[in-house]
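*Asks:* Next come the chains, spelled out residue by residue.
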Amino acid sequence: MSALVLAQAAAASTPDELKAQAGATGAGMAYGLAAIGPGIGIGYLVGQSVQAMARQPEAAGMVRTTMFLGIAFTEALALIGFVVFILLKFV
Amino acid sequence: MIFGLEFPPIQNLVEWEPFAGDSWYGFNKIALTYLIAVLATVLFFWIAASGRQLVPKGAQNLAESSVKFIEDGIIMETIGPDGLRYLPYLASLFFFILISNLFEVIPGFQMPANARMGGPAFLALLTWAFFIIVGIKHQGPGKYFKNSLFPPGVPKALYILVTPIEFISTFLVRPFSLAVRLFANMLAGHILLVTFGVLCATLWVLGPLLAVLPFSFFMLVALTGFEIMVSFLQAYIFTILAAVYLGGAMHPEH
Chain E
37 MSALVLAQAA
47 AASTPDELKA
57 QAGATGAGMA
67 YGLAAIGPGI
77 GIGYLVGQSV
87 QAMARQPEAA
97 GMVRTTMFLG
107 IAFTEALALI
117 GFVVFILLKF
127 V
Chain L
4 MIFGLEFPPI
14 QNLVEWEPFA
24 GDSWYGFNKI
34 ALTYLIAVLA
44 TVLFFWIAAS
54 GRQLVPKGAQ
64 NLAESSVKFI
74 EDGIIMETIG
84 PDGLRYLPYL
94 ASLFFFILIS
104 NLFEVIPGFQ
114 MPANARMGGP
124 AFLALLTWAF
134 FIIVGIKHQG
144 PGKYFKNSLF
154 PPGVPKALYI
164 LVTPIEFIST
174 FLVRPFSLAV
184 RLFANMLAGH
194 ILLVTFGVLC
204 ATLWVLGPLL
214 AVLPFSFFML
224 VALTGFEIMV
234 SFLQAYIFTI
244 LAAVYLGGAM
254 HPEH
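Chains as they are written, first to last, in the numbering used here: chain E, 37 to 127; chain L, 4 to 257.
Hint data in this document are derived by calculation from the structure and do not stem from the laboratory. Where a beta carbon is used, it is the ideal one built from N, C-alpha and C, also for glycine. Keep in mind that the hints are not guaranteed to be accurate.
Unchecked claim - Going by beta-carbon spacing under 7 Å, a handful of chain E positions derived as facing chain L:
1) 106
2) 108
3) 110
4) 118
5) 119
6) 126
Said to hold, decoys possible - From the derived model, a few chain E residues whose C-beta atoms are all more than 10 Å from chain L:
7) 57
8) 61
9) 72
10) 83
11) 91
12) 92
13) 93
14) 97
15) 105
16) 111
17) 112
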């Protein structure tokens with residue numbers, strides 16, 4: 037991985053190109069890393085909610101509302117990672 | 004550029020030339036979309052309320068069932084019966100966000116208005132100001148800030164740790180995450196649709212790989228359906244979080 041980055045850095049000639057390459061590499065890494073935690077989190081959260089709904093179908097409405105709330109909070113981290121990706125890549 | 008696939012720069016995807024005026028007060032596609040969303044929300048409830056009947060049908064039926072959904076699915080689940088007085092705010096928030104999101108898949112527009120930061124930021128600041136005002140109105144200014152910054156039942160020494168965290172999470176992170184959630188979801192969906200649209204167009208022009216086109220086109224259609232669901236879900240999540248924040252400001256105990 038680091039050899040690849042070094043090879044890219046060696047190929048770049050101007051500071052702007054160097055910055056764009058570092059930005060692109062960093063952007064990919066930023067979003068990839070930011071997606072790991074929320075992915076695990078949402079999977080666990082929805083799995084547990086499905087289990088709760090299957091065990092107690094009459095509480096399904098309440099569980100579903102709470103599940104969406106939990107998803108919203110968990111997902112925020114991945115979305116901030118996405119915004120960082122946009123900022124690094126394009127701005 | 005990969006295999007002749009030229010992805011447009013991000014400015015071309017989200018920045019629109021104003022129809023009239025220039026710089027920051029220019030009236031562009033985003034402003035037009037927001038205007039249509041406001042008018043559509045008003046018109047929808049106007050039509051639904053104009054020909055009221057005991058047995059609802061058509062627009063009235065749709066309006067009644069969606070208001071019922073916001074009442075039962077959002078307010079009763081999060082605030083309780085005394086939150087019903089904030090139904091007008093939450094219902095108009097829901098419909099405004101839903102309609103401006105749905106422009107993501109409407110042909111001719113193909114741009115969710117909420118994929119620009121301005122709209123979500125304003126809605127989040129409005130909600131932020133609204134729940135603080137509701138908290139002050141229901142509990143009085145001193146009691147509201149005392150309850151939200153110094154939550155009861157915490158050992159005194161821990162307030163050194165708890166109070167800054169509560170302050171940051173309640174008064175700084177809430178509006179920020181509310182805005183970024185809506186903005187980033189819509190922007191991600193928009194970029195996803197653009198990616199597959201560009202891929203389809205490139206494959207169509209580029210002879211040799213034409214056999215892959217059906218798969219790419221299928222993904223485009225499937226993702227359009229998925230984005231309709233995301234538009235609805237984001238409007239729902241924004242509204243339900245607004246309701247949770249209002250409920251937290253009204254009932255400090257939980």
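*Asks:* To test your reading of the hints: which numbers does this structure violate?
*Replies:* 1, 3, 14, 15, 16 and 17
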